[in-house]
Every structure is written in C-alpha cells, then in structure tokens.
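We have chain A already, so just place chain B on it with the hints.
For reference, the chains in residue letters:
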Amino acid sequence: MDTQWPLYEVFHQKARGEHHVHVGAVHAPDAEMALVLAKEQYGRRMACVNLWVVRADQIHASDYSDSDMFAHATDKSYREAFGYKVGEKVKKKRKDAAKQ
Amino acid sequence: MNDTALKNLLFRLADDELITGHRNSEWTGVAPILEEDIALSSIAQDEIGHAQAYYTLLADLGAGEPDAFAFLRDASRFVNAQLCELPTGDWAFAVARQYLYDAAESVRLAALSRSNYAPLAQLARKLSGEEKYHLLHGKTWINHLGRGTDESRARLQAALESAFSYALGLFETPADEAELTAANIQLPEAELRRQWLTVVAPVLDGAGLTVPAGRAVEGGRCGEHTEHLAKLLDDMQLVFRSDPEAEW
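Line by line, the protein sequences are chains A and B.
Last residue of the first sequence: 100 in the numbering used here, with the numbers rising by one and none dropped.
Last residue of the second sequence: 248 in the numbering used here, with the numbers rising by one and none dropped.
I should point out that these hints are in silico values taken from the structure, not numbers from a laboratory.
Among the clues, some could well be false.
Simulated pairs of lysine to any residue, SDA-like, Cα-Cα distance not exceeding 20 Å [what the hints assert, rightly or not]: (1) B:K231 / B:G219; (2) A:K39 / B:K7; (3) B:K132 / A:W52; (4) A:K39 / A:Y64; (5) A:K39 / B:Y133; (6) A:K39 / B:L34; (7) B:K132 / A:S65; (8) B:K126 / A:I59; (9) A:K14 / B:N143; (10) B:K132 / A:M46; (11) A:K39 / B:H144; (12) B:K132 / A:E32; (13) B:K231 / B:S242; (14) B:K7 / B:E172.
Here the structure is a predicted model, which means the values were calculated and not measured.
Bound-form chain A, shown alone (with noise of 0.2 Å):
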C-alpha cells in the first residue's frame, strides 16, 4: 500500500505584487497541513509575505515530446525586445532636448 501522503507544489511570493515563483513541493495530508510545512521548508530564509500550494495532480502539463513545438523555425527576433535597435535613437533624442 502506498502510504505516501500526496505532493503539493510550493509557490513563494517574497513581496505583495511580484509574482510567485515555484520554489519546490511537500508531501501533506491536505492543504493547510502543506502551508503549515511549506513555511519551514521554503520561507524560512527568503523574504517572503505569501505562499500558495497546489496539489501536484492538479496540474496540467504539455508533453516532452512536443517540446519542439516551442522552438522558433524562422527568425522571431521582431517579437523581443532586444530585436529592435532603437536605444541610440532614444539616446540622440534626449541628448537634443536637454541642449535646446
């Protein structure tokens, strides 16, 4: 039998706004017992004001073995930031106005 209690996954907020951010997961009988150990095992060095749980076999995930559908066949570059030159644009710009 089986006696292992079920996995949570543990997301760690360190301020109000900022994202949360997986840090790992517990083993816990429920939900409240999985906050209660989440808080020794992973918020007891960072910064933290919020943690969420969330039963692992709730979670759904794409395959592995699609994994090339991410990948970019023809340059996507225009869709980054970096993709666009315009920081010497912005740069004479304001070198302009502060002169006038």
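Chain B only, in chain A's frame:
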C-alpha cells in the same frame, strides 16, 4: 517595586522556552516525516532563541550571563512548568503538549505586549509572529489527528489526558504575583489560565476531542521537578560543563 519579582518572571518565561525547545529538538532526525522534522526542528530553534532573548533581559538587569543560566544551573534552580520537561513520548504526546503549551504562550505574549515593563512588552511583540506560526502548526496537527482515524483520535485523546494537568501547571500562581500585577507587569495567572481555556476548548471540541478534567500539577515554578528534568539537563549541559571557559 524591587526587581526580584520581575527577574523571577523572566526566569519562568525563559526556562519554559529553553526546556520545551530542547525537548522539541529531540525530534530532529526522527519526526514522522521529513517535512515535519524540519518544521519542528525550526520551532525548537525559535524557542531556544526566545529563551536566549529573555535571558538577555535578565543579563541587562544584572542577574548574570545567559550561558550560565542555561548551562550551569541545577534542576532545583529551574522554574519551568513540569509540562515542559516530560519525556518526548509518542507523536500524539508531542502534538498535545506542543499545542497546549503554544496556546498558553500566545495568550501570555498578548498580555505581556501591554506590560508596563517596556523591554518585556517590546520583546513580547517581537516574538508574537513566530508564536503565531507555532500555534497554527499545533492547531493543524490537532485537527489532523483529531479528525483522522479512530486510532489517531484515541491516541491524541490519551496524550491530552496525560498532558492536561501538567499544562494547567503553566499557570501556577507565583508567591510574588501581587507585585507583578500591582506594577502592571503581568496579568494574574488565573486570568491567563481563563483566557487559555477559551482558546483551547473550542479547538479541541472542533477536532472531535474532549477537554480533559484535572487538577493542576504544580511545583515547577518553585523548582520542584520530575526526575526527567535532571536527565535532560545532564544531556543539555554536558558539553558546556566539560569546559565552561571555552570560547565557542
């Protein structure tokens, strides 16, 4: 008021935390699951830290050094309640003792945070966050075992029966209580005990458990202890006493 009554109060607070912290540290490595092992070890560290903070207030009053309080006193000079020194027992006993103790401590800290002795009031407010977690941890386990299986409920009820009279001993009235209450340093123990019961009773009831009847086992506050305290101190003080002059 001379400060003897205040020092006695600080010793009661500190000794409760030190001995409870040491007992909880005995679960390190052997708690029922890894996650709980870490949580309870961490709580033990908190409690020993609280003891150190109270001993430091005593040092500020010129009573001596924190290390000497912890490691060079014999059992008859400790004034912790006997609840704290009882042997580790099974997991149900650990849960029962810890919950009854933390409920008492949270009531006491809430009262002390309004104490007329400012350093103590300030410290009580500082410790209340950690204590809030300790109480949540205890209450969660009470609910888990109380609402679990027939066996878990029966074992927790039995543990409560054996711990309860000792828990009432946390509120033993000290000989110098009148001085503390007159100076608004602490509420009377009988009032703290009343508040404690209003916290504990609904939680036990809600978890399907019965609040035990019983008379307080007292004496701890006067230095009267079970045989278990001397054995605990033998372990706890062994290293320090092997070379009291060592720099750590």
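To see whether the hints hold, each was checked on the structure:
no.: 1; hint: B:K231 / B:G219; verdict: holds, 18 Å
no.: 2; hint: A:K39 / B:K7; verdict: violated, 34 Å
no.: 3; hint: B:K132 / A:W52; verdict: holds, 19 Å
no.: 4; hint: A:K39 / A:Y64; verdict: violated, 31 Å
no.: 5; hint: A:K39 / B:Y133; verdict: holds, 9 Å
no.: 6; hint: A:K39 / B:L34; verdict: holds, 14 Å
no.: 7; hint: B:K132 / A:S65; verdict: violated, 46 Å
no.: 8; hint: B:K126 / A:I59; verdict: violated, 39 Å
no.: 9; hint: A:K14 / B:N143; verdict: violated, 29 Å
no.: 10; hint: B:K132 / A:M46; verdict: holds, 19 Å
no.: 11; hint: A:K39 / B:H144; verdict: holds, 17 Å
no.: 12; hint: B:K132 / A:E32; verdict: holds, 15 Å
no.: 13; hint: B:K231 / B:S242; verdict: holds, 16 Å
no.: 14; hint: B:K7 / B:E172; verdict: holds, 17 Å
In summary, the numbered hints that this structure violates are 2, 4, 7, 8, 9.
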